[in-house]
Amino acid sequence: MWRCFFNENKKTVRALLVAAPIVCAWISLVCYPRWLIPLAIALLFAAVMLYGDRRENLWMFVLSVPALIPVCIRAMPYLEYVWSYDNFFVNMLMYAFVFFTLMSILVLILQYVTRLIWKKQRTW
Amino acid sequence: MQYPMAATTLLYRKQPDGKYRVKDVYTGNSCTMTLSLVRLLRRLDGKTDPYSVPTDLTQEDIDTSLQDLAEIGFLRTSRVFEKFIGTFIYTLWIPKMTKKLRIAARYYDRILKCIWLPVLALGVWLFFCKKDDMFDGYSTLGFITGWIAAMTAGIFLHELSHAMAAVACGVRVFEGGVLIECFMPGAYVMLDEEHIRCPRDKVHIYAAGIQMNYLLTGLGLVITGTFGSLGGFWITFSMINLLLAAPNALFIYGLDGYKILVNLLGKKDEGLFPLLPRSTARKTDRRTRAVSMTANIMILIWQIALPIILICNVAVFFQ
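Each protein sequence line maps, in turn, to chains A and B.
Per this note's numbering, the first sequence starts with residue 1, numbered consecutively.
Per this note's numbering, the second sequence starts with residue 125, numbered consecutively.
One chain only, chain A, in its complex shape (with noise of 0.2 Å):
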């Protein structure tokens, strides 16, 4: 029945598959649950594997930046030490940069991550 199911039903499947990553890490934005953050990269690891085809490290980068973003913005207040200035200005600048090179070190840790799991991959 499950069989029949997934594969009638193959191309809503794996749209749920690929978003729901990216869906987990917003919700535990706005919802507050911790544990749906390592729940969100199990998930993009999952969708990575079965949707990879030989490019996990491009798949990973898609829905990785996505998925990250939520994340980020929940640490941010921990970092709130190195970007919070009493200029409004400032602080926006600061918060857009800390936020960035915060992303673009889980992007790479990621990355890294991905590549040391699947060696053999397509170049570009």
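Think of the hints as simulated: they come from the structure by calculation, not from any bench.
Bear in mind that the values here come from a model prediction, so they are computed numbers and not experimental data.
A couple of the hints might just be wrong.
Only pairs whose alpha carbons sit at most 27 Å apart, straight line, appear in this in silico BS3-like list of lysine-lysine [unchecked claim]:
hint, chain 1, residue 1, chain 2, residue 2
1, B, K237, B, K383
2, B, K383, A, K119
3, B, K237, B, K220
4, B, K223, B, K237
5, B, K171, B, K223
6, B, K383, B, K147
7, B, K237, A, K120
8, A, K119, B, K237
9, B, K383, A, K120
10, B, K391, A, K119
11, B, K224, B, K237
12, B, K391, A, K120
Got chain A sorted already, so can you dock chain B onto it with the hints?
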């Protein structure tokens, strides 16, 4: 320099007819030479008289050869090299790939790889534990000395880490030194990047510089947390190193973070638009093309947004 010196960025390749193809990796100029001329060129280090080099070339041959080599740009008469207005390069270090250097590079690289993250984590933990005491006794003198020390040590060790990682991976390091690029001071190392076959080695080499800056950041924070900030010296030292490391990890064209990302994604060249689909990519299925296009758009947005944010931050900092 008393005598002419051969450019450090020359690569020699033997051809089937016994002659050598010599290419300057930096300028892209190349020409074919005989073995005796290659021998002469290899001995030109700025200290050796070209006429004292034992070759089968006559004095006239040497004269004409030196003129030809200078015309192609294979010879240097000074350690200072002007690229264009406001951009100067001063060569400080021309490494010789000896066994000792290789062993030293391997150890340096391994130690760096092992300790940068624990030291950084310890430093950050100490910072958050004692953040109220971290800025005790902060003075202008401490700030200025810390800033100078961090810039000097941070920049030089960053480049040295790139060089050591390259040597450890078996990649040739042409030279290292200081530069003024568009009136901005800095440092550089020239590597034989064309011949790094393995993308993993490339990632490793590009990441080494950032790792070193993070290590220095962690070290500064650990010292501040343990012995005090020495009038703000160590906290400034660590913050400046953090400012050197963090923007370097951003995906801006030319920075280390961008190069690491491109190599991790598996793109062969490191052009400005690394994921634009090539002719082979067009043959792939619709899903792959869509993913590639999305990645392109993301990279493009980052390329536009990040430099603007960075420039605004620098402008506000100097205000």
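So, going through the hints one by one against the coordinates:
1. Between K237(B) and K383(B) the alpha-carbon distance is near 19 Å, which keeps this suggested pair within the 27 Å criterion.
2. At roughly 18 Å between alpha-carbon atoms, K383(B) and K119(A) fall within 27 Å of each other, so this suggested pair holds.
3. The hinted pair formed by K237(B) and K220(B) meets the criterion: a straight-line CA distance of about 24 Å does not exceed 27 Å.
4. This hinted pair checks out: K223(B) and K237(B) have alpha carbons roughly 21 Å apart, not beyond 27 Å.
5. Between the alpha carbons of K171(B) and K223(B) the distance comes to roughly 24 Å, so the proposed pair stays at or under 27 Å and holds.
6. With a C-alpha separation of about 24 Å, the suggested pairing of K383(B) with K147(B) holds against the 27 Å cut-off.
7. With a C-alpha separation of about 24 Å, the suggested pair K237(B) and K120(A) falls inside the 27 Å cut-off, and the hint holds.
8. The suggested pairing of K119(A) with K237(B) holds, with an alpha-carbon distance near 20 Å, which does not exceed 27 Å.
9. A threshold of 27 Å between alpha carbons decides the hint, and for K383(B) with K120(A) the separation of about 19 Å falls inside it, so the pair holds.
10. Taking the CA atoms of K391(B) and K119(A), the gap is about 14 Å. The hint holds against a cut of 27 Å.
11. Annotation: proposed proximity of K224(B) to K237(B) holds, straight-line Cα distance about 20 Å (limit 27 Å).
12. The straight-line distance between the Cα atoms of K391(B) and K120(A) is roughly 13 Å, inside the 27 Å bound, and the hint therefore holds.
Checked against the numbered hints above, the structure breaks none of them.
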